[in-house]
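Engineer: Protein sequences, first through last, are from chains E and X.
Counted from 1, the first sequence has number 141 at position 140 by the working numbering; the numbering is strictly sequential.
Counted from 1, the second sequence has number 717 at position 192 by the working numbering; the numbering is strictly sequential.
One thing to keep in mind: the hints can contain errors.
To give an idea of the interface, some chain X residues facing chain E are shown, with a C-beta separation under 10 angstroms as derived from the structure [stated by the list, open to error]: (1) Tyr651; (2) Leu661; (3) Glu714; (4) Leu732; (5) Val737; (6) Ala765; (7) Ala769.
In short, the hints are calculated from the structure, not lab data.
Note that this is a predicted model, so its numbers are computed, not measured.
Think of the CB as a built atom: it goes at the ideal place given N, C-alpha and C, for glycine as much as any other residue.
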Amino acid sequence: MRKRSRTVALTILGAAAFTVAGCREEQVEAQAFPDLASCQAEAAQGGLFTPAECDAAFAEAEQLHVEAAPRYDSLAVCEEQHGAGNCGSEEQQVSNGGSGSIFMPLLAGYLIGNMLGRAGGGMAASQPMYRNAQGGFTNAAGTTNFGSNAGRAQMGTQSFAQPAATAGRAPMSRATAASRGGFGGTGGSRSSFGG
Amino acid sequence: MQKITLPPRPDLATKAADVGFTFAHMHGEPYWDESSAYRFTLAQIEQDIEAPATDLHAMVREAVAEIVTSEALMTRLGIPTAHLDLVADSWARQEPEIYGRMDLAYDGTGSAKLLEYNADTPTSLYETAAFQWQWLEDQLEAGVLPEGADQFNGIHEALVERFRDLFPENTDIHFTAVADNPEDYATVEAMAWAAREAGMGAHYSDLDKLAVSKDGQFLDSEDRVIGTLFKLYPWEDLLADDYARHIAGSGCMFLEPAWKAVVSNKGLLPVLWQMFPDHPNLLPAFFADDVADALVANGRPVPAVAKAFDRVADQFRRGHVVKPIFSREGASVSIVEGGDVTEASPNSDYDAHPRIVQAYHPLPVHDGFRPVLGAWIVGQACVGLGIREDRARITQDLSRFKPHFIAE
Numbered sequence: 002m003r004k005r006s007r008t009v010a011l012t013i014l015g016a017a018a019f020t021v022a023g024c025r026e027e028q029v030e031a032q033a034f035p036d037l038a039s040c041q042a043e044a045a046q047g048g049l050f051t052p053a054e055c056d057a058a059f060a061e062a063e064q065l066h067v068e069a070a071p072r073y074d075s076l077a078v079c080e081e082q083h084g085a086g087n088c089g090s091e092e093q094q095v096s097n098g099g100s101g102s103i104f105m106p107l108l109a110g111y112l113i114g115n116m117l118g119r120a121g122g123g124m125a126a127s128q129p130m131y132r133n134a135q136g137g138f139t140n141a142a143g144t145t146n147f148g149s150n151a152g153r154a155q156m157g158t159q160s161f162a163q164p165a166a167t168a169g170r171a172p173m174s175r176a177t178a179a180s181r182g183g184f185g186g187t188g189g190s191r192s193s194f195g196g
Numbered sequence: 526m527q528k529i530t531l532p533p534r535p536d537l538a539t540k541a542a543d544v545g546f547t548f549a550h551m552h553g554e555p556y557w558d559e560s561s562a563y564r565f566t567l568a569q570i571e572q573d574i575e576a577p578a579t580d581l582h583a584m585v586r587e588a589v590a591e592i593v594t595s596e597a598l599m600t601r602l603g604i605p606t607a608h609l610d611l612v613a614d615s616w617a618r619q620e621p622e623i624y625g626r627m628d629l630a631y632d633g634t635g636s637a638k639l640l641e642y643n644a645d646t647p648t649s650l651y652e653t654a655a656f657q658w659q660w661l662e663d664q665l666e667a668g669v670l671p672e673g674a675d676q677f678n679g680i681h682e683a684l685v686e687r688f689r690d691l692f693p694e695n696t697d698i699h700f701t702a703v704a705d706n707p708e709d710y711a712t713v714e715a716m717a718w719a720a721r722e723a724g725m726g727a728h729y730s731d732l733d734k735l736a737v738s739k740d741g742q743f744l745d746s747e748d749r750v751i752g753t754l755f756k757l758y759p760w761e762d763l764l765a766d767d768y769a770r771h772i773a774g775s776g777c778m779f780l781e782p783a784w785k786a787v788v789s790n791k792g793l794l795p796v797l798w799q800m801f802p803d804h805p806n807l808l809p810a811f812f813a814d815d816v817a818d819a820l821v822a823n824g825r826p827v828p829a830v831a832k833a834f835d836r837v838a839d840q841f842r843r844g845h846v847v848k849p850i851f852s853r854e855g856a857s858v859s860i861v862e863g864g865d866v867t868e869a870s871p872n873s874d875y876d877a878h879p880r881i882v883q884a885y886h887p888l889p890v891h892d893g894f895r896p897v898l899g900a901w902i903v904g905q906a907c908v909g910l911g912i913r914e915d916r917a918r919i920t921q922d923l924s925r926f927k928p929h930f931i932a933e
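I would like the entire structure built from these sequences, with the hints used as guidance.
Structural biologist: If you want it as structure tokens, here you go:
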């Protein structure tokens, strides 16, 4: 019986193994609107999106808001994260069956990505926007912060990742680094760690 | 097992350059050296290396199951008190192992002896799994090797299969190694190729670029949450780093798993000898503290190992090797014969660690070089062989890689 592989991976040209799978994430044209009316107004003047796309994106963002807005067990905790006056109970914001003792941030705008049919596979073409504690805005997963809820920008497709319902975030979603560089200190003078 | 002189491939330098094998020469000496190769019979490979190494891995797993239930043993193996649970839990969860390399002493006859098990961060994966394989194919084609010659090298295929078995397709796996070391990087990249062939996403960040989010999850250099991390960085260093406190709560699966901290650890060797005394593939070994009085002062070993030591005392007096529990590439290792240190590594990086002593088993000598056989384990089975040889009795980072082939 043959004792060797039929094929092997021969090339170790720098980052070859990683460039395809780990390439820089795709950038999309995206625009934020504080409400549906401002999207419609811009569409009427030949903006990035059509009136129909405004409607669809707004509906999608509202749906995501219901399904995946961050939820808190008290108004105080919610306002810590999103600022005073920017939260309401689930009961107030979800049309049927919301609880009066669960609190969510109020929808403060929505973000549409020009996904050109690439939505799906964990990507939503639009996202609800919420106030963050710093007076700016954030997406549903809290992974991207924005200074304003109006304006156009190139941004990574990960900003449109489906927000997870769980507390921890799914692998490959964006998060803000609290610190960096805490591994590698012990090796000291050694330059190789294999053997 | 014979060492046979062979003509190197005329286009070797070009071939190495083409595939990015930049460290074929290191420290002014050839590292990859195909001017000769080792020849084995199929019986030597299958009966003396493959089967025993697979058995040894199973014994190692039994030893881990014992070690993680004993705080005293884990402490002896240098596991920091704060991380005893991390190691024990990783075993309790049966976190999967990917790979390891057993270093064996073998001369073609009798039983191969386990010198140590680099089960955490073994390198030379690329040269073993890929470049050695290409050498065989090229030399078969050139008629340099006998028709039908084979090689014990199913490593790449076994890795692909291992990733496929362990992870759903499209799982994102992050890889990390210390920056700017082509040798370590080659091993990481060879691993990443296998993961990609198995349908995984592979992402690389330098070790010092990893971050922690405010939720305590590890992030890569582009702030993406890491779910699975292959790290070519030893557990004993990870556990001493600032970020060690984040590991348990990070939700990140580490490859190799934390329980490898008690395997890739010379403290495993006395535990194995105690559990499997007189096993043909083991060399007698003890914690140095337990037998130091007997070895250097004509005193007695501690009672717990006195009987076991007495049975091999003469062998130890003739020759034994002193090894720190953590050590790479021969650092801080010395050989003691008849009471005198007859060889010592010039590299003292690991002098601060506790030590073990192991009966001295000389390596065979071929043309002035001493080969150490690297038996590669993927998952739980031995699937390949890579050989490094050194002029010195302690194999160090100046050693050369030698290809091998199987022919009757």
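Engineer: So, for every hint listed, does it hold in this structure?
Structural biologist: Comparing the hints with the structure gives:
With 10 angstroms as the threshold, the beta carbon of Tyr651/X comes within range of chain E, its nearest partner Cβ sitting at about 6 angstroms, so the hint holds. The interface hint given for Leu661/X is met, as the beta carbon of that residue sits about 7 angstroms from the closest beta carbon of chain E, less than 10 angstroms. A least Cβ separation of about 5 angstroms between Glu714/X and chain E falls short of the 10 angstroms threshold, and the interface hint therefore holds. Given the 10 angstroms rule on beta carbons, the hint for Leu732/X holds: about 4 angstroms separates it from the nearest Cβ of chain E.
This hint holds: Val737/X has a C-beta 5 angstroms from the nearest C-beta of chain E, less than the 10 angstroms allowed. Nearest Cβ of chain E to the Cβ of Ala765/X: about 4 angstroms, under the 10 angstroms cut. The hint holds. Because the smallest distance between the Cβ of Ala769/X and any Cβ of chain E comes to about 8 angstroms, under 10 angstroms, the interface hint for this residue holds.
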